[in-house]
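Trainee: The chain contents come next:
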Amino acid sequence: MAKHETPFLDQLESGPWPSFVSDMKQQAEVRAKNEAGVEFQIPQDCVDDLLGVVELSYKHGRTHWKHGGIVGVFGYGGGVIGRYCDQPSLFPGVEHFHTMRVNQPAGKYYSTEYLRSITKLWDLRGSGMTNMHGATGDIILLGTTTPQLEEVFWELTHNLGQDLGGSGSNLRTPADCLGTSRCEYSCYDTNSLVHFLTNEFQDELHRPAFPYKFKFKLDGCPNCCVASIARSDMSFIGTWKDDIKIDQDAVNKYIEQDPAYPSNAGAHKGRDWGPFDIQKEVINLCPTGCMKMVGKELKIDNANCTRCMHCINVMPRALKIGDVRGCSILCGAKAPILDGAQMGSLLVPFMEVNPDNDYEAITDLIENIWDWWMEEGKNRERLGELIMRQGFQKLLEVTGIEAVPQHVAYPRTNPYIFWREDEVPGGFERDVVEYRKHHLR
Amino acid sequence: MAKHETPFLDQLESGPWPSFVSDMKQQAEVRAKNEAGVEFQIPQDCVDDLLGVVELSYKHGRTHWKHGGIVGVFGYGGGVIGRYCDQPSLFPGVEHFHTMRVNQPAGKYYSTEYLRSITKLWDLRGSGMTNMHGATGDIILLGTTTPQLEEVFWELTHNLGQDLGGSGSNLRTPADCLGTSRCEYSCYDTNSLVHFLTNEFQDELHRPAFPYKFKFKLDGCPNCCVASIARSDMSFIGTWKDDIKIDQDAVNKYIEQDPAYPSNAGAHKGRDWGPFDIQKEVINLCPTGCMKMVGKELKIDNANCTRCMHCINVMPRALKIGDVRGCSILCGAKAPILDGAQMGSLLVPFMEVNPDNDYEAITDLIENIWDWWMEEGKNRERLGELIMRQGFQKLLEVTGIEAVPQHVAYPRTNPYIFWREDEVPGGFERDVVEYRKHHLR
Amino acid sequence: MAFISSGYNPAKPMENRITDIGPKHFEEFYPEVIKKNKGKWTHHEILEPGVLVHVSETGDEVYTVRCGGARLMSTTHINEICDIADKHCDGHLRFTTRNNIEFMVDSKDKVEPLKNDLKSRKFAGGSLKFPIGGTGAGITNIVHTQGWIHCHTPATDASGTVKSTMDALFDEFQNMRLPAHLRVSMACCLNMCGAVHCSDIAILGYHRKPPMLDHEYLDKLCEIPLAVAACPTAAIKPAKVTLANGTEVKSVEVKNERCMFCGNCYTMCPSMPLADTDGDGIVLMAGGKVSNRISDPKFSKVVVAFLPNEMPRWPSMTDAIKKMVNAYSNGANKYERLGDWAERIGWEKFFEVCELNFTHHLIDDFRQQAYMSWRQTTNFKF
Amino acid sequence: MAFISSGYNPAKPMENRITDIGPKHFEEFYPEVIKKNKGKWTHHEILEPGVLVHVSETGDEVYTVRCGGARLMSTTHINEICDIADKHCDGHLRFTTRNNIEFMVDSKDKVEPLKNDLKSRKFAGGSLKFPIGGTGAGITNIVHTQGWIHCHTPATDASGTVKSTMDALFDEFQNMRLPAHLRVSMACCLNMCGAVHCSDIAILGYHRKPPMLDHEYLDKLCEIPLAVAACPTAAIKPAKVTLANGTEVKSVEVKNERCMFCGNCYTMCPSMPLADTDGDGIVLMAGGKVSNRISDPKFSKVVVAFLPNEMPRWPSMTDAIKKMVNAYSNGANKYERLGDWAERIGWEKFFEVCELNFTHHLIDDFRQQAYMSWRQTTNFKF
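Protein chains in written order, with full-length UniProt numbering: chain A, 1 to 441; chain B, 1 to 441; chain C, 1 to 382; chain D, 1 to 382.
Think of the hints as simulated: they come from the structure by calculation, not from any bench. Some clues are possibly wrong.
[Said to hold, decoys possible] Covered stretches of chain D (in silico footprint by chain B; criterion: 3 or more residues with CB under 8 Å from a CB of chain B, positions within the stretch not fixed):
| hint | region |
| --- | --- |
| 1 | 8 to 17 |
| 2 | 26 to 33 |
| 3 | 67 to 80 |
| 4 | 308 to 317 |
| 5 | 363 to 370 |
Here a beta-carbon is modelled for each residue, glycine too, at the ideal position from N, C-alpha and C.
Construct all of the structure, not just a fragment, from the sequences and the given hints.
Mentor: Here it is, written out as structure tokens:
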């Protein structure tokens with residue numbers, strides 16, 4: 001028997017899409033029965049009470065969670081989000097119901113052995129509810145009490161070989177697409193770089209020293225499956241500098257409608273779009289118009305290619321990314337709050353991704369940017385807002401990068417250039433008396 | 001003999017383009033000789049001194065004109081720009097050298113009789129130098145002394161039937177393209193409307209009551225030959241609501257390269273661009289893709305036409321503007337100073353241009369906008385800046401115009417909507433004690 | 001229940017402490033076929049909705065079956081996922097960025113048994129546990145935030161709006177018949193823990209009432225200067241307030257007409273709650289994307305200024321979303337993303353074909369960039 | 001010379017005063033063929049550079065010969081224009097928005113005599129008085145401002161830069177061989193009396209030194225609060241200053257690093273002059289347009305941050321302009337405006353093919369809109 005009536009939530013059990021309500025009810029029941037004989041370290045009926053508190057929110061149209069107090073594990077300033085219910089007498093099982101963020105592995109690959117060790121730990125010491133995964137990428141362990149925080153951390157680090165993620169004014173756990181592990185488009189090994197960065201900057205992840213949060217996201221190619229350009233203060237997007245590789249035979253297989261060569265790797269199979277038309281579907285849609293057919297040969301003017309991926313996406317068996325690979329780096333993406341949303345602005349058109357020197361070029365860049373941001377950033381000012389406030393030129397200056405037209409979509413439309421004194425012959429100091437000899441008042 | 005050596009300016013006499021230096025020298029000579037026996041009311045050698053002062057600027061790389069003092073004609077707050085030389089002892093002929101702005105006629109048509117009456121007046125009472133015309137559109141009489149201001153004004157109004165233009169925080173003389181007088185593209189009679197507006201608002205033109213300057217410009221069609229969209233606080237651009245008229249025979253004349261049907265009315269005759277290709281030059285360049293050939297017939301999906309004029313410009317003998325004509329009205333264009341440049345933002349997608357009721361809809365709109373701007377505008381704040389500061393919604397509110405998607409290029413990208421209290425059920429006042437019953441602290 | 005120690009000694013927190021070890025190394029988690037062929041993949045194909053094959057230059061293939069699901073997930077459910085992976089996939093699986101689960105097998109004959117197993121599993125309430133789909137020119141899982149499950153600032157629920165939306169769009173999850181893929185995202189307030197500002201369709205929880213002021217406690221629970229500084233529109237000022245009992249306390253006052261309901265003050269100060277049954281609800285945005293394909297990434301635009309919270313299934317919201325998806329499906333060209341389509345036909349036509357009302361709320365008036373969104377041309381459609 | 005009264009009596013300024021009569025009525029000035037066919041024109045053709053015919057539904061035709069010229073114009077020159085119009089055009093003419101003169105005749109046989117007459121006239125210095133051209137896909141006359149001829153705030157001369165530019169581009173004035181028409185505009189400071197911010201190519205005078213402070217006179221000649229308020233970047237503060245003679249005066253101080261040299265302070269206060277031989281010079285902008293044809297109107301972009309004032313012919317400036325015109329002429333498609341071409345090839349290619357240097361000055365850092373101009377995509381060309 002359910003502890004609380006949930007007439008609103010019950011209506012979310014129907015329909016084909018997996019019901020979170022059904023899963024919570026299942027979990028409540030498993031905990032109530034406790035066939036595994038777990039010695040629950042937090043209230044056994046906490047999921048019942050979670051259902052209850054959410055039902056109350058459905059009734060009121062308002063949340064029933066309060067601000068977190070300052071809870072955490074010793075020596076860390078992040079990774080734990082305190083959470084308390086504002087109706088503890090009605091729902092004592094969730095009176096304290098803190099979140100722990102756990103660094104997800106690169107590419108979000110798992111062994112069942114590892115996942116089972118997590119579920120076992122969380123059944124014992126938490127609610128057994130999780131997010132797989134949180135919006136930033138972490139494994140989210142949802143709901144435990146303050147005394148259990150150190151215990152969970154101890155077990156994670158000692159028994160699972162696993163650390164917490166970031167929260168607050170910290171680096172957040174870097175996130176990546178699956179990269180070369182299972183994608184032919186990926187221009188670098190995102191898994192390796194994201195793992196390196198996560199480990200290299202554990203201190204920044206765990207001990208708040210920043211003006212506000214900071215996110216790295218790594219996309220293997222400009223398709224941006226992990227949305228780095230919209231969602232990370234520093235976005236690493238794979239790219240290449242040389243020519244797209246063309247298999248002309250395969251091009252013609254696409255043109256001939258060979259069933260083993262479906263357009264867009266089969267992504268449009270659900271509708272009859274008519275026979276594949278390379279002119280209409282590839283050449284005419286190329287944003288730079290840099291492609292054409294000459295007889296049976298596809299020609300690409302690579303100097304005018306912007307590597308948007310469309311042609312490669314449409315004909316993945318015929319067109320391949322180039323061989324001189326690396327990444328573009330963009331800075332400053334963020335959600336609207338406070339000063340409006342930003343996407344990442346291109347800072348480095350091309351950078352090598354070189355594990356052999358511990359990604360030195362990348363880490364140097366990161367440290368220069370952080371030095372500036374930590375020096376100049378105001379409280380709760382994201383990197384993008386600092387760039388906006390002090391100007392993109394300042395970002396170039398602190399990173400020692402020369403201005404190139406690739407940095408802009410278009411040059412400034414206003415002539416309001418802030419010339420520096422050392423750029424102007426004779427400097428700024430002048431003699432008004434001398435001037436007045438030639439220009440009477 | 002020239003009064004001043006002008007080695008710099010002399011170098012601007014060569015080359016094919018009409019030399020302003022040669023013209024000034026010619027004028028200096030004519031005044032020096034005075035074969036017409038004019039009783040010059042300002043220094044006879046003022047043009048010599050003008051050459052001298054400009055030469056000095058060429059030597060120094062700096063202007064030698066000072067701020068104007070407050071000079072003008074009685075009862076007017078505009079139309080005269082005071083101007084003084086900062087080296088009066090070197091150039092006494094231009095010590096006082098004020099500008100008078102004169103309302104140009106609609107379409108800038110002139111009779112020689114009128115022009116000669118102007119030159120005669122300005123030879124007598126001014127330098128004989130003019131701008132035909134100033135940037136805003138006025139006839140600019142360049143250079144006279146303070147005592148001559150009232151004399152010139154008297155002669156203009158009594159003998160020439162002609163008034164001064166605007167300057168300062170006034171309406172400036174409205175300007176137009178030639179409109180229906182000699183252009184088949186024009187959607188309304190710009191000459192009539194500009195003449196009406198200039199006369200209707202003489203008070204606003206001559207007596208400063210505005211926060212800053214205000215410009216009307218009138219373009220007969222979206223080709224915008226008079227640049228109203230970039231250069232006027234209120235821009236009236238001709239348009240139509242019904243279908244483009246097609247002469248299919250003429251379309252085929254263009255396709256057949258009939259020499260009487262040159263593309264773009266002959267504008268590209270100077271280069272061999274190859275035979276006219278209606279698909280490439282018209283249909284593929286249509287920004288909305290709303291055109292196609294069906295056999296020998298050109299079809300236009302007028303519901304998707306944005307009236308950009310390209311097809312009509314390319315084939316003026318075949319395609320004609322529609323018959324339901326009027327204008328779009330855009331507001332707020334200005335040059336960069338102070339808060340950055342603006343182009344006009346679309347306020348009225350379509351408005352009738354009706355002389356029979358004295359353009360009532362247009363004058364009502366103007367008065368509503370001015371009421372708001374005079375009430376709310378800060379000193380030296382252009383209309384565009386006020387719209388930016390108080391929001392486009394406010395402009396809609398004061399003009400009683402309903403928001404339509406035509407008002408935006410795209411809807412807002414941020415969710416920061418300033419809801420008004422009366423739009424939200426229950427208003428803004430709430431009872432925190434009641435709230436705390438359901439939400440403990 | 002008895003307290004079970006992990007080994008941690010609260011008296012000596014630094015004893016044997018392990019810190020800063022990061023996540024597990026990914027190579028421990030790769031399936032064998034992935035480990036062997038990493039960097040060698042030559043191409044892939046979506047065989048049917050939810051089923052992909054990737055082909056390696058070694059000749060190896062990996063078949064992936066993608067399943068949707070709630071990101072809110074119990075350990076019971078995770079254990080069931082593990083059971084499936086153990087049975088079919090040698091004990092490996094992965095999650096996608098958009099909360100899908102991917103089961104991988106190394107030969108084609110293992111695909112059908114896996115699919116059949118997945119299809120057979122349902123929750124007691126009737127919904128599928130592992131719907132297969134979310135690939136190609138369709139709709140995949142919705143990324144979202146916590147909502148009423150676990151957050152103190154939401155203006156709506158996340159899990160419930162997502163469940164309702166995915167039920168409404170379920171056919172598109174299991175099909176690939178749209179002009180291009182269509183990403184739906186959800187954030188329960190504009191802190192946007194899950195940044196939704198570049199999604200084809202974004203569901204956003206939003207407040208519409210200025211904060212209540214709990215004057216009696218404000219100075220005790222908040223740093224007033226931080227609350228004042230938090231406001232992006234400078235609507236908050238320090239103030240002295242006399243309580244009903246005559247006590248004068250330090251507090252703040254809010255200039256309501258400058259408030260845009262962002263809730264940033266509440267984040268800094270719990271004595272300024274915004275949540276309100278009638279005030280809170282849903283903003284819908286549309287037309288954003290993050291891919292660089294064909295056109296540049298772009299922000300989503302606000303297309304519905306407000307819909308009330310209609311628990312538990314938000315029918316007005318799912319109705320508006322379906323109207324957009326249908327109009328897009330009918331109107332866009334192959335490969336054309338929703339935002340590219342809207343720009344091609346013009347936003348004025350977008351509102352027409354989606355049957356959405358345009359109101360003054362949709363005109364930008366935030367900061368000077370607002371100007372860029374107004375129409376500075378006569379190129380528009382009547 | 002004796003004072004000649006117009007009739008105005010300074011002692012009684014209101015006596016017989018006429019005000020607010022506006023301009024002459026345009027109908028008095030229309031040539032007969034215009035008056036008769038207004039609103040009836042069916043089409044036109046550019047017969048050759050500078051010569052147009054407009055055809056009316058009545059069968060009437062009007063032939064127009066367009067001539068360039070300096071907008072700075074003496075009465076002597078105007079009288080010569082009138083002589084020509086009297087001789088050929090029944091005493092009528094018009095001016096265009098871009099300072100061209102148009103002579104109209106009502107039959108084709110009158111065109112050649114008119115052209116021959118115009119071509120025969122030269123200034124004593126050798127330049128043409130009435131060059132025919134300025135139509136179609138070419139370059140027409142430059143709209144501009146006063147410069148050193150008559151203004152107190154310019155950073156360069158207007159008439160001289162325009163003469164130099166038109167000499168350099170003269171072939172394009174008399175030809176129609178560019179991809180589209182190309183509008184050059186000039187403003188001698190950024191007050192832009194002639195708004196040049198939407199031109200294919202814009203020449204802009206610009207200061208680069210903060211104002212000098214004439215402390216001794218500042219408070220006498222200026223309203224200090226107005227000077228302070230005039231600064232768009234809040235770089236000016238009131239200050240007390242001790243002069244060399246020990247007197248303390250009220251004045252202002254300028255935070256130089258916040259100054260963007262707009263000169264707005266000098267407009268309000270003559271004791272803050274900016275003009276400087278080395279500091280002042282030319283900014284070049286490119287790619288703007290006002291027409292709605294094919295693409296929306298757009299702002300010009302700064303493509304050369306600074307060129308020194310090189311009197312009297314500004315060769316670095318005309319050289320950069322010619323490079324742009326040539327690259328455009330070689331690279332653009334028929335009908336493609338300069339800005340549309342630059343956007344199609346990408347601004348990074350624009351700088352390459354025009355052989356112009358890109359420097360950090362060209363990156364926007366003014367106000368939050370600057371962000372919109374940075375590149376938020378990986379879609380760029382190396």
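Trainee: Which hints, by number, does the structure contradict?
Mentor: The structure breaks none of the hints.
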